[in-house]
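**Student:** Residues per chain are reported as follows:
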Amino acid sequence: GDSVTQMEGPVTLSEEACLTINCTYTATGYPSLFWYVQYPGEGLQLLLKATKADDKGSNKGFEATYRKETTSFHLEKGSVQVSDSAVYFCALSHQGAQKLVFGQGTRLTINP
Amino acid sequence: GAVVSQHPSWVICKSGTSVKIECRSLDFQATTMFWYRQFPKQSLMLMATSNEGSKATYEQGVEKDKFLINHASLTLSTLTVTSAHPEDSSFYICSAPTLAGAEDTQYFGPGTRLTVL
Numbered sequence: 001g002d003s004v005t006q007m008e009g010p011v012t013l014s015e016e017a018c019l020t021i022n023c024t025y026t027a028t029g030y031p032s033l034f035w036y037v038q039y040p041g042e043g044l045q046l047l048l049k050a051t052k053a054d055d056k057g058s059n060k061g062f063e064a065t066y067r068k069e070t071t072s073f074h075l076e077k078g079s080v081q082v083s084d085s086a087v088y089f090c091a092l093s094h095q096g097a098q099k100l101v102f103g104q105g106t107r108l109t110i111n112p
Numbered sequence: 001g002a003v004v005s006q007h008p009s010w011v012i013c014k015s016g017t018s019v020k021i022e023c024r025s026l027d028f029q030a031t032t033m034f035w036y037r038q039f040p041k042q043s044l045m046l047m048a049t050s051n052e053g054s055k056a057t058y059e060q061g062v063e064k065d066k067f068l069i070n071h072a073s074l075t076l077s078t079l080t081v082t083s084a085h086p087e088d089s090s091f092y093i094c095s096a097p098t099l100a101g102a103e104d105t106q107y108f109g110p111g112t113r114l115t116v117l
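Protein chains in written order, with the numbering used here: chain D, 1 to 112; chain B, 1 to 117.
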């Protein structure tokens, strides 16, 4: 079945550091790929998405590119801020199915 | 954006009792809602799809008699954990899509932490 694997956390960085959170997937066909973020005490929010190979999703300075050849969707940000501290989830779904398959989540802490 | 609420945010109960968790879409109608379960330091696992006016669809390995789902209106789905046991302790999260077939417009509730003593 479909699965998503993320790099294990927790990840702790200093403000303005570069961030990469790795995500790889196993799926049949051509799934859509997502990054969700969960801030403390809040529900998951969609951060960015990509629906086909070579698409780049971006939002709030974060980027991720759908790499079919490596089945990856790594999350990157050039300069993180304290407010980026949260848990990040990589996920996939098949179009129209609405069901999401999540990675295990990566807790990110940014220190000032 | 759209808001999904859950109630209660946390609950502690004795083994053998039943617990009901509510999921509400506050400013939109949802014919479908999803229930997830999250263990500590693990991923969200889809438990079931709640369908307004019809039976829920359960994922493989999820006991439908244990986790009763009722989607009685377009804004409310409930998950009842029957005869709860300590192994049912977990974080339960619901989500609702705002458009049918649009997987990227799902909105998530803040979750309910269940602790069974």
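Don't read these hints as lab results, they were simulated from the structure.
Since the model is a prediction, treat every value here as computed from it, not as a measurement.
Treat each hint with caution, since some may be false.
[Said to hold, decoys possible] The calculated lysine to any residue pairs, modelled on SDA-like cross-linking and capped at a C-alpha distance of 25 Å, are:
#: 1; chain 1: D; residue 1: LYS99; chain 2: B; residue 2: SER9
#: 2; chain 1: D; residue 1: LYS99; chain 2: B; residue 2: ILE12
#: 3; chain 1: D; residue 1: LYS68; chain 2: B; residue 2: THR105
#: 4; chain 1: D; residue 1: LYS99; chain 2: B; residue 2: CYS13
#: 5; chain 1: D; residue 1: LYS77; chain 2: B; residue 2: PHE28
#: 6; chain 1: D; residue 1: LYS60; chain 2: B; residue 2: SER9
**Student:** Flag every earlier hint the structure violates by its number, smallest first.
**Tutor:** Checked against the structure, the hints that fail are numbers 2, 4, 5, 6, while the rest are satisfied.
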